[in-house]
Amino acid sequence: MSVSGHCSICGAAVENVQHVLRDCPETIDLWRQIVPVTLWRTFCNLDGDRWLRWNLCNRGGSKQVDDWKLIFVITCWWAWRRHNTRVFEGKRVSNHAITASVNAIRISLTEAQSRFQLVDGRRSPTKEKGH
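The sequence shown runs 0 to 130 under numbering that gives the first Met the number 0.
No lab work stands behind these hints, which were simulated from the structure alone.
Predicted model only: the values in this text are computed from it and were never measured.
Yeah, the Cβ is synthetic: ideal placement off N, Cα and C, and Gly gets one too.
One or more of the hints may lead you astray.
[As the list claims (entries may be wrong)] With a straight-line Cα cutoff of 20 Å, these simulated DMTMM-like cross-link-like pairs (lysine to aspartate or glutamate) come out: (1) K90 x E25; (2) K90 x D28; (3) K68 x E110; (4) K68 x D48.
[To be verified] What follows is a set of in silico ranges between Cβ atoms, one per label pair, in the way DEER data are often shown: (5) G10 x E110: 38 to 48 Å; (6) I27 x D48: 11 to 21 Å; (7) G10 x S107: 31 to 41 Å; (8) C56 x L108: 27 to 37 Å; (9) G47 x R80: 11 to 21 Å; (10) A11 x L108: 30 to 40 Å; (11) G10 x W76: 20 to 30 Å; (12) H5 x D48: 21 to 31 Å; (13) Q32 x E110: 33 to 43 Å.
Please build the complete structure, drawing on both the sequences and the hints.
Quick look at the structure:
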């Protein structure tokens with residue numbers, strides 16, 4: 000966040016965490032590519048704490064997206080990173096680049112997670128075929 004309190008990207012008078020993660024116009028455009036249309040109104044109208052809980056505890060209200068929590072946290076991380084990249088390095092990161100990265104990270108984490116199975120109450124790596 001900038002020293003002046005104004006958003007360095009859009010010039011909004013209030014630059015807080017909620018603004019960076021959701022309300023900045025660049026971030027809104029990013030979320031529009033990810034959030035199902037039927038959930039958009041709720042997604043945008045919850046305050047900070049309720050917004051976080053709704054997305055982390057209720058799959059963002061989406062029954063269609065099994066890994067919503069993962070998509071949500073990766074997208075929040077990217078929104079924060081993009082903002083800081085713009086403020087401190089003067090570089091832009093496109094929504095297209097972010098959505099591609101979110102998907103790649105999601106796939107990598109899901110694949111890594113699937114390589115583990117419960118054994119005696121602990122997680123152990125599964126053996127790969129041919130080894």
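Comparing the hints with the structure gives:
no. : hint                   : result
1   : K90 x E25              : holds, 14 Å
2   : K90 x D28              : holds, 18 Å
3   : K68 x E110             : holds, 16 Å
4   : K68 x D48              : holds, 15 Å
5   : G10 x E110: 38 to 48 Å : holds, 41 Å
6   : I27 x D48: 11 to 21 Å  : holds, 19 Å
7   : G10 x S107: 31 to 41 Å : holds, 36 Å
8   : C56 x L108: 27 to 37 Å : violated, 19 Å
9   : G47 x R80: 11 to 21 Å  : holds, 19 Å
10  : A11 x L108: 30 to 40 Å : holds, 32 Å
11  : G10 x W76: 20 to 30 Å  : holds, 24 Å
12  : H5 x D48: 21 to 31 Å   : holds, 24 Å
13  : Q32 x E110: 33 to 43 Å : violated, 23 Å
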